[in-house]
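**Student:** Each chain is listed here by its residues.
Protein chains: 4
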Amino acid sequence: LLNYLTAGESHGPQLTGIIEGIPSGLHLDIDEINNQLKKRQGGYGRGNRQKIEHDQVTIVGGVRHGITLGSPVALVVNNRDHAHWNEIMDPVTPETPENTLRKVERPRPGHADLVGGMKYRHHDLRNVLERSSARETAIRVAIGAVCKQLLEQVGIRTAGYVQQIGPVSTDDQLELEVTKIENEIANNDLRIVDQTKVDEIHDLIDKTRKDGDTLGGIIRVVVDNVPAGLGSYISWDTKLDAKIAAAVVGVNAMKGVEIGDGFKAATSFGSQVMDEIDWNKDDGFFRNTDHLGGFEGGMTNGMPIIVKAAMKPIPTLYKPLQSVDVNTKAVKKANVERSDTTAIVPASIVIESVVAIELAKALTDKFDADNVSRLQEQVAAYRDEIKHY
Amino acid sequence: LLNYLTAGESHGPQLTGIIEGIPSGLHLDIDEINNQLKKRQGGYGRGNRQKIEHDQVTIVGGVRHGITLGSPVALVVNNRDHAHWNEIMDPVTPETPENTLRKVERPRPGHADLVGGMKYRHHDLRNVLERSSARETAIRVAIGAVCKQLLEQVGIRTAGYVQQIGPVSTDDQLELEVTKIENEIANNDLRIVDQTKVDEIHDLIDKTRKDGDTLGGIIRVVVDNVPAGLGSYISWDTKLDAKIAAAVVGVNAMKGVEIGDGFKAATSFGSQVMDEIDWNKDDGFFRNTDHLGGFEGGMTNGMPIIVKAAMKPIPTLYKPLQSVDVNTKAVKKANVERSDTTAIVPASIVIESVVAIELAKALTDKFDADNVSRLQEQVAAYRDEIKHY
Amino acid sequence: LLNYLTAGESHGPQLTGIIEGIPSGLHLDIDEINNQLKKRQGGYGRGNRQKIEHDQVTIVGGVRHGITLGSPVALVVNNRDHAHWNEIMDPVTPETPENTLRKVERPRPGHADLVGGMKYRHHDLRNVLERSSARETAIRVAIGAVCKQLLEQVGIRTAGYVQQIGPVSTDDQLELEVTKIENEIANNDLRIVDQTKVDEIHDLIDKTRKDGDTLGGIIRVVVDNVPAGLGSYISWDTKLDAKIAAAVVGVNAMKGVEIGDGFKAATSFGSQVMDEIDWNKDDGFFRNTDHLGGFEGGMTNGMPIIVKAAMKPIPTLYKPLQSVDVNTKAVKKANVERSDTTAIVPASIVIESVVAIELAKALTDKFDADNVSRLQEQVAAYRDEIKHY
Amino acid sequence: LLNYLTAGESHGPQLTGIIEGIPSGLHLDIDEINNQLKKRQGGYGRGNRQKIEHDQVTIVGGVRHGITLGSPVALVVNNRDHAHWNEIMDPVTPETPENTLRKVERPRPGHADLVGGMKYRHHDLRNVLERSSARETAIRVAIGAVCKQLLEQVGIRTAGYVQQIGPVSTDDQLELEVTKIENEIANNDLRIVDQTKVDEIHDLIDKTRKDGDTLGGIIRVVVDNVPAGLGSYISWDTKLDAKIAAAVVGVNAMKGVEIGDGFKAATSFGSQVMDEIDWNKDDGFFRNTDHLGGFEGGMTNGMPIIVKAAMKPIPTLYKPLQSVDVNTKAVKKANVERSDTTAIVPASIVIESVVAIELAKALTDKFDADNVSRLQEQVAAYRDEIKHY
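Chains as they are written, first to last, in my numbering: chain F, 71 to 459; chain E, 71 to 459; chain R, 71 to 459; chain U, 71 to 459.
Treat the hints as calculated values from the structure; they're not laboratory data. Predicted model, so just to flag it, every value in this text is computed and none were measured. Hints may be right or wrong, so weigh each one.
Chain copies aren't distinguished; within one or between two, either way the pair holds.
As the list claims (entries may be wrong) - Here are the simulated lysine-lysine pairs, DSS-like style, with alpha carbons at most 27 Å apart:
#1 K399 to K267
#2 K334 to K267
#3 K402 to K457
#4 K399 to K280
#5 K280 to K267
#6 K277 to K399
#7 K267 to K109
#8 K403 to K351
#9 K399 to K334
#10 K277 to K351
#11 K399 to K457
#12 K351 to K108
#13 K108 to K334
#14 K250 to K277
#15 K457 to K351
#16 K389 to K399
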């Protein structure tokens, strides 16, 4: 079954990912993986690290002549910044006074620092933050880009974008066609569909940066052309929306997730939020609304998937919060590790990626996914079958 | 490791659950399991089925003389209503015209009916709804009640209650002590802490029922006295908040989940939503706020866990929505299966239960959980260790 | 995915099993399940308990009118012997001097008794042996019988039989057709194919019983008509032979497993043990030998699967071994719990069952297994495809 | 929980492994990993490839200054031979006539070639064999070497060696002390304990090579100082011996596995093969024999673990077997890919490695394994507890 592991520290030599279960025969477009990596590095509001890194994937396993073999795919994204940290983050050389500089001893509230130290018995919290850092999401984006290409082979398209930054909401009209969304968000550096909000948000980010403060936001992922019947209702852990919820909250800084109308559905009447069932000869069964975000009973229902994710503001403030030195117990300002004002723009790519991964899992779970052409044949036959249900 | 499976249809003979990984030596209070089952059946706004069922658990494995053996625990909750359905839901006797009455052929929007039929090639959608029905949550509550008792053995307490019903919000002041919450919600039939809202919500439910409509709502679960360091940041699927998110969305009708401030955090500034770090000699490290709902980096941070769940209104309306007969393709009103006006009150117990299950998993993952007294020794030693970190 | 849990103690009220992932639409023959249960109770060399039990399965979930729903299937096998143990094995009533009679305090070498007591902090080792007892395999046989019926729907047939009892080997000529094996083993009460050995083995068992000793043996499972390509070589834990090895050793008393020629292959030359490749227009690729037992690279290769299992003799001797009282530390003879002289005959059904379960997992992993007729279509198309490879 | 993935093709750029769940604070001796890699490359009977490769591990994640961080550990072993294959095995450049030379179209019986081609729709079987090759075991040895070091931190020692090569058995006297075994096998290039058999086996290998044939053999792994109570009897998939069986059969070319006396136990009487229970004040409970190989009820029982693995001869013969061209269907001799006469010596390291991995899993499952010093404290306390049971 499709599953993956990642490894690598923020300033270590590289990020490594292995994904198992990608069918053989997939023509993998490496430029497209790098394109997703580039999008993750972009966006108004990012700090200086992104000027150092220009993430490029290297494929070191599972692919030959640009085509997947069916064996596990191994991906590497090098950390260019490691050049400045090669002693401090050396995997092998024993500790010396010189290579243990830049200790982190004043844990940053909102990060894993303090609890990570307690749990793993670290007293230099760099040993925690190097892994808990969102730098790791670069390799998840690379893995997600592979899954995205797999989904596209059976016509499933994904788009992740920014719906709200701090207090400013941007999209009142819900667009459900991925191509249209992609066209709109390409026109600005905020990945928002509503071009009229760009200036207001730029100003907000600028002001927030000056204040030494940070911003979060809300991300939306839309997936269209998904066949009905991925996931199942038979047990809680077969529900695909539940798996997507885990994948979303499993991304750094995410504090909430919604499917379709989400919390708004909770405050409405039943007659307002169900998607009535219709049928015609050409399309079979269909709906005219999508309040439920493409899910009924934990299964895709053929309507576009709509997932929203709530990202808390970045916890590293240049106007630092109160902390306590873990060794001396003195009350101090928290450490400051180089950071962004907001990472909502790149996070929209990360959330898109993890949703794509979960969909690729569900797809390959249901169908024979040994080979991509056999998979295409099966999905086509199944789409036809349910159209004539 | 702690894991479980459930089986059983809504009008079948019984619900069955097996949970593996419960430590030996746990004194299991069966009345307390039944008490949770009773709470799940209660609440203003429920329909008539609850008058038929008086759920009682029967323990058929893994327990001897009221004490767990360490072997898998098997639980049964009989469906009293099965008496009225014993032919239609007979597991063994082949189909006859008589025992296939009460077919469901007009799928209810918002339920698994239609997609379930397509996926599993059913044309009597009763074959879907019997399992997708929220009746299954009764056995999950029984399993959760076992986990809740396990948690209590190491001092961890859980409370699930109703925060909002339809448009009416009920709790502006956030109470984080489980005992106080329990005391308040025992005073009304809505499981809300704010007694002043009871009449308003009763009226709302009455009016909604008369309109043939339904209501959803928002549930909050609070867990206090949790040690820091359950879950981990090292990989997305080790994050405990992500697992809780899956468990919550894995409950019927849930369309959203929040940890701590959730979506509100997404629209605030970083300086407003982090929980600053403090320390004193008696308690070690602590926080004075809990915006992050007890989680940093996917790990518990020692503050109370706060989880919110958004439940959509029940999709079965007595004023039914449009549907299409799956066999004739005629546009018709959806089938009506006996249902509630709102199930938000019982759902608060279900959400509490699944959160308790995930916490019990995390607890038994981290510690040696073969035997409950050894587990207690370990948790006590660990609590002491991190207090002196 | 297809997975299952079981619960229940040897003298508790019942054994319970839940299996998830069985496709919808499977016509389940309950008599056939009971037939497997009956075979498991038979065989020369069994003790008196089998005269008490007449195992019958009850289906309590996942099946309606004899047809699976796609939801988890719940099975129950009642312990008739529980009537004699209902106080001692009462799940609920607290301990009393009366209901804690028949304590086991002298652990039997070769059983889980002693280590189970240490691990789970039990001092009445009945708390261990009630679960570690091979009584549990009755429910695994029931689950296996469901899987066996699923396999038969796509033409895959399984047979488990006895190859050796103690020092007496019985099958020099290897038969690979399941139907022929089934015919032969039905002719005796030892489940052996070589009728000429029946008397010799009866005598051996009789003598061993008189001596207060016990016997083990060797079991063979043959599976024919398996399509090539179940399992995979891409990672160790995708190899189907590895999963079968775990399932076999996961059965009580099994100390070894072989695929095909097994240990004999290890002592032969390469030119002797490979199955040369041939091809003709009608059959596609095929082999004329089956030294590798139907597996290459962890995948089925289209030849019959051959699995052998080594069962140690039953550790409960009527001429008991040395033990030590866990409470007093006095050296004593081990407890004697009612037992058989040999359980090799029933064990052959258990091994067949667990092999069938693993094959059903592999089958449903590879193909779309939501519905049995869709599964049949897919398997037929795949068989045809690889025939024309 | 401790788990891992590997990726990489035999002639691709590198082998990659990620292992998750290694505790923080483990001082990792890289030389010791390389030492295990070197042992895997040695042994009489290997072919020429080992003269090209001098495997060295590179750590690219999860370790800082030689100490594990608790985050996933990423390991790389470069394929030096890739220099000769960089076009043919290029991951990115599209296919050209030049870079698709050295096609494999005559599948080798006994390898994954043919079935892999059918399953994954490959027609150049190099796309199969590059992954199914035992080259992959190099990275499993590296991962196993990390686990071995973890085990050593709690006093558990492992040794893997050769018991039999082809028809020649070498160890009649069973040594159960790892240190003594290590001393003996260091004295020859066959990893056998019985020095008197070295010449005979050298001659056998030489003659077999001249004949263009190959040899398999039998491997034994001994693990001493294991605490009682790893694994459990409560369910089949909690049994540690079952997991070890899967890990062993999951290694290329393994066709059988035994625990303790294995198949010999199956042919003996019960009174001959149980390990009687004894007790003294200093040691607590103990045994004087180890027929059951350190396992009762799927749990370690405190005696040394004894695992045997049967390795079939290498299927690539220089005197090739019959095959069929997958494209033309002409009967031909199988392809010859550079290979060894026997790989039993390196395989003994591989089997040791996978046993070490499973033990490390069982250890970290049972105890709090976040940090190695806390783990040591827990294991010590537990060892003391069960000594005084």
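**Student:** Against each hint, give a clear statement of whether it holds in the structure.
**Tutor:** Hint check results:
With identical chains, the CA atoms of K399 and K267 are never at most 27 Å apart, being 45 Å at best within one copy and 45 Å at best between copies. Both within a single protomer and between protomers do K334 and K267 lie at most 27 Å apart by alpha-carbon distance, with minima of 23 Å and 20 Å respectively. Taking the shortest Cα distances, K402 and K457 sit within 27 Å of each other only across copies (19 Å), while inside one copy they are farther apart (64 Å). Taking CA atoms no more than 27 Å apart as the test, K399 paired with K280 passes in neither setting, with 30 Å inside one copy and 62 Å between copies.
Proximity of K280 to K267 under the C-alpha cut-off of 27 Å is restricted to the intra-copy arrangement: shortest distance 20 Å within a copy versus 44 Å between copies. Taking identical chains as interchangeable, the C-alpha atoms of K277 and K399 are never at most 27 Å apart, the minima being 34 Å within one chain and 58 Å between chains. For the homomeric pair K267 and K109, the shortest alpha-carbon distance inside one copy (20 Å) is at most 27 Å, but the shortest distance between copies (48 Å) is not. In this homomeric assembly, K403 and K351 come within 27 Å of each other (Cα to Cα) only across copies, at 19 Å, whereas the closest approach inside a single copy is 67 Å.
Taking the closest pair of Cα atoms, K399 and K334 never come within 27 Å of each other, the shortest separation being 44 Å inside a single copy and 32 Å across copies. For the identical chains of this complex, K277 and K351 are neighbours neither inside a copy (56 Å) nor across copies (39 Å), given an alpha-carbon limit of 27 Å. Within a single copy, K399 and K457 get their C-alpha atoms only as close as 66 Å, which misses the 27 Å cut-off; across copies the closest is 12 Å, which meets it. In this assembly of identical chains, the alpha carbons of K351 and K108 never lie at most 27 Å apart, being 44 Å within a copy and 48 Å across copies at closest.
Within a single copy, K108 and K334 get their C-alpha atoms no closer than 34 Å, and across copies no closer than 29 Å, so neither meets the 27 Å cut-off. Taking the shortest Cα distances, K250 and K277 never come within 27 Å of each other, neither inside one copy (31 Å) nor across copies (42 Å). Proximity of K457 and K351 under a CA criterion of 27 Å is satisfied intra-copy only: 9 Å inside one chain copy versus 37 Å between copies. Taking the closest pair of Cα atoms, K389 and K399 come within 27 Å of each other only inside a single copy of the chain (21 Å); across copies the shortest separation is 64 Å, beyond that limit.
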